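First to last, the protein sequences are chains A and B.
Each residue of the first sequence is one higher than the one before, counting from -18 in our numbering.
Each residue of the second sequence is one higher than the one before, counting from 712 in our numbering.
Where hints are given, some of them may not hold.
To be verified - Here are some chain A residues the structure puts well away from chain B; computed CB gaps all over 10 Å:
hint: 1; residue: Pro(-11)
hint: 2; residue: Ser(-7)
hint: 3; residue: Pro(-5)
hint: 4; residue: Gly22
hint: 5; residue: Leu30
hint: 6; residue: Leu70
hint: 7; residue: Glu86
hint: 8; residue: Gly87
hint: 9; residue: Asn93
Said to hold, decoys possible - Here are some chain B residues pointing at chain A (derived, C-beta under 7 Å):
hint: 10; residue: Val754
hint: 11; residue: Phe776
hint: 12; residue: Pro781
As the list claims (entries may be wrong) - Below are the DMTMM-like pairs computed for lysine to aspartate or glutamate, each with C-alpha atoms no more than 25 Å apart in a straight line:
hint: 13; chain 1: B; residue 1: Lys768; chain 2: A; residue 2: Glu37
hint: 14; chain 1: A; residue 1: Lys(-18); chain 2: B; residue 2: Glu712
hint: 15; chain 1: B; residue 1: Lys794; chain 2: B; residue 2: Asp782
hint: 16; chain 1: B; residue 1: Lys768; chain 2: A; residue 2: Glu86
hint: 17; chain 1: A; residue 1: Lys23; chain 2: B; residue 2: Glu712
hint: 18; chain 1: B; residue 1: Lys789; chain 2: B; residue 2: Glu767
hint: 19; chain 1: A; residue 1: Lys(-18); chain 2: B; residue 2: Glu770
hint: 20; chain 1: B; residue 1: Lys753; chain 2: A; residue 2: Asp48
hint: 21; chain 1: B; residue 1: Lys753; chain 2: A; residue 2: Glu(-16)
hint: 22; chain 1: B; residue 1: Lys753; chain 2: B; residue 2: Asp818
hint: 23; chain 1: B; residue 1: Lys789; chain 2: B; residue 2: Glu764
hint: 24; chain 1: A; residue 1: Lys23; chain 2: B; residue 2: Glu755
hint: 25; chain 1: B; residue 1: Lys789; chain 2: B; residue 2: Asp774
hint: 26; chain 1: B; residue 1: Lys753; chain 2: B; residue 2: Glu767
hint: 27; chain 1: B; residue 1: Lys768; chain 2: B; residue 2: Asp818
hint: 28; chain 1: A; residue 1: Lys(-18); chain 2: B; residue 2: Asp818
hint: 29; chain 1: B; residue 1: Lys789; chain 2: B; residue 2: Glu755
hint: 30; chain 1: B; residue 1: Lys753; chain 2: B; residue 2: Asp782
These are calculated hints, taken from the structure and not from any lab test.
Quantities reported herein were computed from a predicted structural model and do not represent experimental measurements.
Positions of the beta carbon are idealized from the N, C-alpha and C atoms, including for glycine.
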Amino acid sequence: KQEVTQIPAALSVPEGENLVLNCSFTDSAIYNLQWFRQDPGKGLTSLLLIQSSQREQTSGRLNASLDKSSGRSTLYIAASQPGDSATYLCAVRLETSGSRLTFGEGTQLTVNP
Amino acid sequence: EPEVTQTPSHQVTQMGQEVILRCVPISNHLYFYWYRQILGQKVEFLVSFYNNEISEKSEIFDDQFSVERPDGSNFTLKIRSTKLEDSAMYFCASTSWGPNQPQHFGDGTRLSIL
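Excised from the complex, chain A in its bound form:
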């Protein structure tokens, strides 16, 4: 059974700092991995999708990398801002489980002004 783990569970940084969020998964037979942002009481906003054949994806200040063989992904946020404060979730789609996503517990990020 696929397990997705995110470390750390919570992170607090000063504004302007570059930071890395980690996601690991136990079954490396994935189709893709998706990073989401979740604001309190809100839905999930898709940030980046990395296909299994890709090594990284970039969108603005965000860069996500994928090392499928080691079961790891990182989300790099450059020059963090208070508006980046949210919970960040990673989710994987397995090759053998249809199109369902399996989620990690999330990292709660606080960027202090």
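Assemble the complex: chain A is given as a structure, and chain B must be docked to it using the hints.
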């Protein structure tokens, strides 16, 4: 940017009652999903729907649950006889032409069972 919309935002229901949660996926999307998130826990997959039928369901999605796409725009989740443990945030999601595309989520319906 097109959005997935869900109604109501909050539903309070007595245990044992039926509840229907509604979703309007993004208009040209073909794959539809329901997930739930119990407070403080991970987001969990419930069911996926394509071409007017269930394509996959989890062990959570038992006989108390059903989904329907009654017309060209709505996608509903029905819980027949609600239990206390059904209290959660329920998210609808959709994907365009293939499941390798990103899933786009709505803001969720918070379901509270009393």
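Going down the list of hints, with the structure as the test:
1. Pro(-11): 16 Å, holds
2. Ser(-7): For Ser(-7) of chain A, whose nearest Cβ neighbour in chain B is about 19 Å away, the distance exceeds 10 Å, so it holds.
3. Pro(-5): 27 Å, holds
4. Gly22: 8 Å, violated
5. Leu30: Violated, since 4 Å does not exceed 10 Å.
6. Leu70: About 7 Å separates Leu70 of chain A from the closest Cβ of chain B, which leaves it inside 10 Å; violated.
7. Glu86: 5 Å, violated
8. Gly87: Answer for Gly87 of chain A: violated, closest chain B Cβ roughly 8 Å.
9. Asn93: 24 Å, holds
10. Val754: 4 Å, holds
11. Phe776: Status violated, d = 15 Å.
12. Pro781: 22 Å, violated
13. B:Lys768 with A:Glu37: Violated - the C-alpha atoms of Glu37 of chain A and Lys768 of chain B are around 30 Å apart, more than 25 Å.
14. A:Lys(-18) with B:Glu712: Distance ~35 Å between Lys(-18) of chain A and Glu712 of chain B Cα, so the pair is violated.
15. B:Lys794 with B:Asp782: 28 Å, violated
16. B:Lys768 with A:Glu86: Distance of about 21 Å is within 25 Å: holds.
17. A:Lys23 with B:Glu712: 17 Å, holds
18. B:Lys789 with B:Glu767: 16 Å, holds
19. A:Lys(-18) with B:Glu770: 13 Å, holds
20. B:Lys753 with A:Asp48: Answer holds: Lys753 of chain B to Asp48 of chain A is near 23 Å, not above 25 Å.
21. B:Lys753 with A:Glu(-16): 11 Å, holds
22. B:Lys753 with B:Asp818: 16 Å, holds
23. B:Lys789 with B:Glu764: With Cα atoms ~15 Å apart, Lys789 of chain B and Glu764 of chain B stay inside 25 Å; holds.
24. A:Lys23 with B:Glu755: 16 Å, holds
25. B:Lys789 with B:Asp774: 10 Å, holds
26. B:Lys753 with B:Glu767: Holds, at roughly 19 Å.
27. B:Lys768 with B:Asp818: Distance of about 21 Å is within 25 Å: holds.
28. A:Lys(-18) with B:Asp818: At roughly 28 Å apart (the allowed maximum being 25 Å), Asp818 of chain B and Lys(-18) of chain A break the hint.
29. B:Lys789 with B:Glu755: 17 Å, holds
30. B:Lys753 with B:Asp782: 31 Å, violated
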